[in-house]
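Residue numbers (the numbering used here), protein chains in the order written: chain A, 123 to 261; chain B, 2 to 327.
These are computed hints drawn from the structure, not numbers from a lab.
Be aware that one or more of the hints could be misleading.
[What the hints assert, rightly or not] Quick list of in silico lysine to any residue cross-link-like pairs, SDA-like style, CA-CA up to 25 Å:
1. K174(A) x K182(B)
2. K325(B) x F194(B)
3. K182(B) x L166(A)
4. K260(A) x G214(B)
5. K260(A) x D165(B)
6. K309(B) x L249(B)
7. K208(A) x G214(B)
8. K211(A) x T322(B)
9. K138(A) x K182(B)
10. K125(A) x F269(B)
11. K193(A) x K211(A)
12. K249(A) x I259(A)
13. K249(A) x P222(A)
14. K260(A) x S297(B)
15. K324(B) x S297(B)
16. K182(B) x D196(A)
[Said to hold, decoys possible] Not close to chain A: a few residues of chain B, all C-beta gaps over 10 Å, as computed:
17. T44
18. D62
19. D95
20. Q229
21. K253
22. L303
Backbone N, C-alpha and C fix where the C-beta goes; we use that ideal spot for every residue, glycine too.
Listed here are the chains, written in short residue letters.
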Amino acid sequence: MDKKRDLLLQLNLVRKPKTNLILLRAILGKEYTRIDFGFIASNLYVRGGWIKMFPDSYLRTHSSEAKYKLKYTDDIPLAPDRLNFKSNKDWRYFSLFFEPIPKRSCKIDLIEVENAEDTDFNYYGIKIDLNNAEEIIKP
Amino acid sequence: MPINKNAYRRYKVIDLCLRNKMRTYPDMNDLLATIEEKLDVNTTAETVQKDIAVMKKMPPDGFDAPIKFNRAKLGYEYTDPDFSIYGVSLNSYDVDSISEAIDVISSIGGSRVSDKFTHAIEKVLSNVQELTSTEEKRRIIQTDHISEGRGFEHFDLLYSACRDRVPISFVHYSYSRREFKALIVHPVLLKEFNNHWYVIGFSEEHQELRTFGLDRVNAPEPIYKVFQDTSSDVIDEYLNDVYGVYPLHNGKKEKIILHASPMITNYFRAQKIHESQNVEMQDRGDAIITFELIPSMEFVSLILSYGKQIRVVEPKYLIETVKKYK
Numbered sequence: 123m124d125k126k127r128d129l130l131l132q133l134n135l136v137r138k139p140k141t142n143l144i145l146l147r148a149i150l151g152k153e154y155t156r157i158d159f160g161f162i163a164s165n166l167y168v169r170g171g172w173i174k175m176f177p178d179s180y181l182r183t184h185s186s187e188a189k190y191k192l193k194y195t196d197d198i199p200l201a202p203d204r205l206n207f208k209s210n211k212d213w214r215y216f217s218l219f220f221e222p223i224p225k226r227s228c229k230i231d232l233i234e235v236e237n238a239e240d241t242d243f244n245y246y247g248i249k250i251d252l253n254n255a256e257e258i259i260k261p
Numbered sequence: 002m003p004i005n006k007n008a009y010r011r012y013k014v015i016d017l018c019l020r021n022k023m024r025t026y027p028d029m030n031d032l033l034a035t036i037e038e039k040l041d042v043n044t045t046a047e048t049v050q051k052d053i054a055v056m057k058k059m060p061p062d063g064f065d066a067p068i069k070f071n072r073a074k075l076g077y078e079y080t081d082p083d084f085s086i087y088g089v090s091l092n093s094y095d096v097d098s099i100s101e102a103i104d105v106i107s108s109i110g111g112s113r114v115s116d117k118f119t120h121a122i123e124k125v126l127s128n129v130q131e132l133t134s135t136e137e138k139r140r141i142i143q144t145d146h147i148s149e150g151r152g153f154e155h156f157d158l159l160y161s162a163c164r165d166r167v168p169i170s171f172v173h174y175s176y177s178r179r180e181f182k183a184l185i186v187h188p189v190l191l192k193e194f195n196n197h198w199y200v201i202g203f204s205e206e207h208q209e210l211r212t213f214g215l216d217r218v219n220a221p222e223p224i225y226k227v228f229q230d231t232s233s234d235v236i237d238e239y240l241n242d243v244y245g246v247y248p249l250h251n252g253k254k255e256k257i258i259l260h261a262s263p264m265i266t267n268y269f270r271a272q273k274i275h276e277s278q279n280v281e282m283q284d285r286g287d288a289i290i291t292f293e294l295i296p297s298m299e300f301v302s303l304i305l306s307y308g309k310q311i312r313v314v315e316p317k318y319l320i321e322t323v324k325k326y327k
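Bound-form chain A, shown alone (with noise of 0.2 Å):
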């Protein structure tokens, strides 16, 4: 395996216990680390709800006391602002760019809010196994 080359973790992670958002893929590059992420609008709210990112999300691993912080995001907007869904049906692909971590096999949560509650998108134990990676080509 190459570290030099960006690196794609396809984890497909459901939350739980609120199944509607998917943590599907995760990107190790020299740039940043980029986790994927699909939401599906649910019934809770008529018209689906909203989504939004706190700017002061961070990925940490459990090998360390590093924050990884939340440089930017695609098609997800950051609080206060939200994206609010027209109907609960709807649906979102996202991205999250963080400042990249290690490239080596370990563990790591990624921390939307502190003593997070159902609807927060924390996620705790993601496991990056490298030995299941692969390498992006890139043009």
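Once you've looked at the hints, dock chain B against the given chain A.
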């Protein structure tokens, strides 16, 4: 000595005349008339004689053009029929054929063909274009085309992946199941059906050949991985047996029997919608139409589009499916 621009334009017209297979052996009057027509300038026989002399010179002064006056035919000719001063030898048939092809491609939708193609063709035709485009362009072919939708921006990447046999990771969203999934697909083909584009390839998740609408493909990433190739036979079977894109039921080929009214029968007799189609005419002008295919949602849509003019005779589940969507 650099070639004068006006002189160069005349050389191009002379070259065009000498390569015109519809009017061989042009004489001096033909050359003068064509120059006047194409360039909208009057010139003299003496000038054209000089032009021909220059064209016959060796490069860089001329083109080493094998021009000869044929005394039997009383006109000029290239003794090498493949010669052209452009290096790429395009005769009038070639130029017409390419122009027609461009028309057809443009009518299908220029956006479906990458700009690279248009650019390349422009380069090829750049020398002759000004001579062939004397008429204002008007559309003479129109096909059913809707401007590209979501996912079409990945067309070039997926095309390259199919061509170069590169696996792709992408996020797929299923409209029917309302479900996201990150997939790795080994793409083999891009297919268009009813103005929608699809990528077909071996899906690692499903362990079989699958079809994915481009509008449901998000963030494709080409990856370094051994390509899981699919043989042409398997691809052909997959494509030929199904009408449309997404198979219904168990995805197996089966016999479908429809009954069509006399009016609708005309359409089916005029053009097969599937290779397996067989129209058996009845006394009243109506018909029993049979197919051996894998029915799909697109097939159901087609039946529904004819309303009461067509009905499913067999199989039972298809009768029910059509009823459900009526």
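Going through the hints against the structure:
1. K174(A) x K182(B): With a Cα-Cα distance of about 21 Å, the restraint between K174(A) and K182(B) holds, given a limit of 25 Å.
2. K325(B) x F194(B): Cα-Cα ~23 Å, so holds.
3. K182(B) x L166(A): Within the cut-off at roughly 23 Å; holds.
4. K260(A) x G214(B): Since the Cα atoms of K260(A) and G214(B) sit roughly 24 Å apart, the hinted pair holds (cutoff 25 Å).
5. K260(A) x D165(B): Holds - the C-alpha atoms of D165(B) and K260(A) are around 14 Å apart, at most 25 Å.
6. K309(B) x L249(B): holds, 22 Å
7. K208(A) x G214(B): holds, 23 Å
8. K211(A) x T322(B): Holds, at roughly 24 Å.
9. K138(A) x K182(B): holds, 16 Å
10. K125(A) x F269(B): Violated, because 58 Å separates the two Cα atoms, which is more than 25 Å.
11. K193(A) x K211(A): violated, 30 Å
12. K249(A) x I259(A): holds, 23 Å
13. K249(A) x P222(A): holds, 16 Å
14. K260(A) x S297(B): violated, 37 Å
15. K324(B) x S297(B): holds, 15 Å
16. K182(B) x D196(A): Roughly 18 Å separates the two Cα atoms, so the pair holds.
17. T44: With a cut-off of 10 Å, T44(B) remains clear of chain A, as the shortest Cβ separation is near 51 Å.
18. D62: holds, 44 Å
19. D95: holds, 34 Å
20. Q229: The claim holds: Q229(B) sits with its nearest Cβ about 13 Å from chain A, beyond 10 Å.
21. K253: holds, 29 Å
22. L303: holds, 26 Å
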